[in-house]
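Visitor: Let the sequences and hints guide you as you build the complete structure.
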Amino acid sequence: MPEARASAELTNRVGLHARPSVKLTQIAKRFSARIEIATSLDGPWTDAKSPVKIMRIKAVRGEILHVKAFGADAASAVAAVVDLVQRNFDEE
Amino acid sequence: MERRLIGKAASPGIAIGRVVSLRPVSGVPRAGAAPDLERSALRQAIEATKQNLRSMVARLAGDEAAILEFQIAMLEDPELALEAEQFVGEGQPADAAWLRSMDMEMARYRASYDVHFRGRVSDLADIRDGVLSHLRSTPEHDPIEPGQIVVAEDLAPSHFLRMDWTSGGGIALRAGSPASHVAMLARARSIPMVVGLGEAVEGLTGLTVLDGETGMVIGSPVEESLTQAQAQALRLSVGRREAEQRMREPAVTRDGKRLSILLNISSLRELTGLMPEDCDGIGLTRTEFLIESALLDEEAQFRAYAALVRWAAGRVVTIRTLDAGGDKPIPGYSPEGEANSFLGLRGIRLSLSRPDVFLVQLRAILRAAALGPTRILLPMVTLPEEVGEARSLVNIAAEQLARAGLAFVVPPIGIMIEVPAAAMAPEIFPVDFFSIGSNDLEQYACASARDALQLAGHAHNLHPGTLAMMAHVTHFARANKIDLGLCGDAAGNLAMLPTFLEMGIGSFSVAPGCVAELKAAIRNHRASDGTSIVA
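Those sequence lines, one after another, are chains A and B. Note that numbering that gives the first Met the number 0 numbers the first sequence so that position 15 is 14, with each residue one more than the last. Note that numbering that gives the first Met the number 0 numbers the second sequence so that position 343 is 342, with each residue one more than the last.
None of the hints are false.
The calculated EDC-like cross-link candidates involving lysine to aspartate or glutamate, where the alpha carbons are at most 20 Å apart (straight line), are:
{"#": "1", "chain 1": "A", "residue 1": "Lys57", "chain 2": "B", "residue 2": "Asp76"}
{"#": "2", "chain 1": "A", "residue 1": "Lys57", "chain 2": "B", "residue 2": "Glu335"}
{"#": "3", "chain 1": "B", "residue 1": "Lys49", "chain 2": "B", "residue 2": "Glu82"}
{"#": "4", "chain 1": "B", "residue 1": "Lys327", "chain 2": "A", "residue 2": "Glu62"}
{"#": "5", "chain 1": "B", "residue 1": "Lys49", "chain 2": "B", "residue 2": "Asp128"}
{"#": "6", "chain 1": "A", "residue 1": "Lys28", "chain 2": "B", "residue 2": "Glu68"}
{"#": "7", "chain 1": "A", "residue 1": "Lys22", "chain 2": "B", "residue 2": "Asp62"}
{"#": "8", "chain 1": "A", "residue 1": "Lys22", "chain 2": "B", "residue 2": "Glu63"}
{"#": "9", "chain 1": "A", "residue 1": "Lys22", "chain 2": "B", "residue 2": "Asp76"}
{"#": "10", "chain 1": "A", "residue 1": "Lys57", "chain 2": "B", "residue 2": "Glu68"}
{"#": "11", "chain 1": "A", "residue 1": "Lys48", "chain 2": "B", "residue 2": "Glu68"}
{"#": "12", "chain 1": "A", "residue 1": "Lys52", "chain 2": "B", "residue 2": "Asp102"}
{"#": "13", "chain 1": "A", "residue 1": "Lys48", "chain 2": "B", "residue 2": "Glu82"}
{"#": "14", "chain 1": "A", "residue 1": "Lys22", "chain 2": "B", "residue 2": "Glu78"}
{"#": "15", "chain 1": "A", "residue 1": "Lys48", "chain 2": "B", "residue 2": "Glu75"}
{"#": "16", "chain 1": "A", "residue 1": "Lys48", "chain 2": "B", "residue 2": "Glu104"}
{"#": "17", "chain 1": "A", "residue 1": "Lys48", "chain 2": "B", "residue 2": "Glu78"}
{"#": "18", "chain 1": "A", "residue 1": "Lys52", "chain 2": "B", "residue 2": "Asp76"}
{"#": "19", "chain 1": "A", "residue 1": "Lys52", "chain 2": "B", "residue 2": "Glu75"}
{"#": "20", "chain 1": "A", "residue 1": "Lys52", "chain 2": "B", "residue 2": "Glu104"}
{"#": "21", "chain 1": "A", "residue 1": "Lys52", "chain 2": "B", "residue 2": "Glu68"}
{"#": "22", "chain 1": "A", "residue 1": "Lys52", "chain 2": "B", "residue 2": "Glu78"}
{"#": "23", "chain 1": "A", "residue 1": "Lys22", "chain 2": "B", "residue 2": "Glu75"}
{"#": "24", "chain 1": "A", "residue 1": "Lys22", "chain 2": "B", "residue 2": "Glu68"}
{"#": "25", "chain 1": "A", "residue 1": "Lys52", "chain 2": "B", "residue 2": "Glu84"}
{"#": "26", "chain 1": "A", "residue 1": "Lys57", "chain 2": "B", "residue 2": "Glu104"}
{"#": "27", "chain 1": "A", "residue 1": "Lys28", "chain 2": "A", "residue 2": "Glu2"}
{"#": "28", "chain 1": "A", "residue 1": "Lys28", "chain 2": "B", "residue 2": "Glu75"}
{"#": "29", "chain 1": "A", "residue 1": "Lys28", "chain 2": "B", "residue 2": "Glu78"}
{"#": "30", "chain 1": "A", "residue 1": "Lys28", "chain 2": "B", "residue 2": "Asp76"}
{"#": "31", "chain 1": "A", "residue 1": "Lys57", "chain 2": "B", "residue 2": "Asp102"}
{"#": "32", "chain 1": "A", "residue 1": "Lys52", "chain 2": "B", "residue 2": "Glu82"}
{"#": "33", "chain 1": "A", "residue 1": "Lys48", "chain 2": "B", "residue 2": "Asp76"}
{"#": "34", "chain 1": "A", "residue 1": "Lys57", "chain 2": "B", "residue 2": "Glu78"}
These aren't lab readings, by the way, just hints derived from the structure by calculation.
Guide: Written as structure tokens, this is what we have:
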């Protein structure tokens, strides 16, 4: 099964907060791949399609967000998530 | 009989209307049934809550819609009800299981050290109560009619947004805070609001007057109180309209003194809809917000400062160098883990400890100054050596720009007066201008944290001791013909305006939303004596 990985720094003002979490899950749900995120390469890895779980990470600005995906569209899924983070979730 | 209650003002204006009480969702606890039935009751309640929120979102836009979209996304996630379904499987009724799981979820947010995450507890409470009201088959709340005064323990953002405020109304809360989400929404929609009224709100019924300027709530007002409130409400609405119509005119007192009104700015967006003619320039640029993600990016900073200078079209633009630290940390720049960050490495102290970062900012300011009148304002200055070191770095920045062949101007350099010791010894500073930062001056003078002061609400006046310090530095500036202005929140406090004018302050820098009303108040002012005013 195709697998893809990438990482990006959270540079938006509030981190992985309410609105950014919603945007991230909306993008993740466009892909069939299983997508997981973590703030450490050792995990714990969190389902990127669950806003409840993402909010529990409480990732703040300055932390590195690691993304991995498994499935046919894994590469484009990872690229889309990293792009959202690098665009500061279109907030600023 | 008339009853008068005093709370904290949270949103200005006068509301006159009938009281409607919002009771917290209680309802009758469920008796419980077989786990399968309870599980499907929970799912139906979540579905119904989602539908309610969706129909509300359809009528909203911007921030208001986004707050509810977050709640919908949480309710759509099966993860949210997972724990509750587990408790149901163990034999608990659906409502008890839901309450227990949501309280656990809220505890996780409360434990966060990040203020943004802690702030979302109220959204979770909102979600919890919406679902609970369906599980206990009580209507979510009494229907609210336009113009009514809503009385409650606290008010969730979704409840506020669900109500029809188009015909006015007011909010009186037993608890609550002027810093809450719902207070922000109320101010944006000009709905008068008073919080922290205590248990006495229980007794409010019938016709009630709510004054969001003073924090006063009058239950069953006598004829005289009612007439007074109606007249005051009329004055406020007419006054606001007149003030806005005359915003472009200069601020001149009734005895003919021309005062300067400048803007406090944190982002370029805040200038949307404003014309430079509305003000006399920019009195404070909070660069820690404007360029916080571009500390080492000279071009990005230059573009931001240049945009301000071009906008001002010949009026002065005052750029305060980074005031990070204290309650405004910048990750990776301001120190972490200081025992007392308000008394530590912040403002100019932090900038001087990081000349690599400071020089980038100074070069960008010097380049922007070539495009129009600009001033450099140094924050948290305590010692004359700090000004001297900053001047040396300004000279180095100028040399670097000259070598690079870039256009620049070395602008006037001034300091914030916000450390009490500096306010009492202004003569030790070799500077071109002073700007009084009343927020920090007050908090350092009174040994009271800024957020504790915020809790005192909008009617908060400065301590006489703070005023004495301000008078001292103002008199020194007048005697020595050094330019002086006031840029803290107190500059927009109309109740204190006569005090400041009498003191001799002639320049006020305020949030863009305060300009119209401040100018109107100045037009109504006549000095009792003929003292001259420093421009």
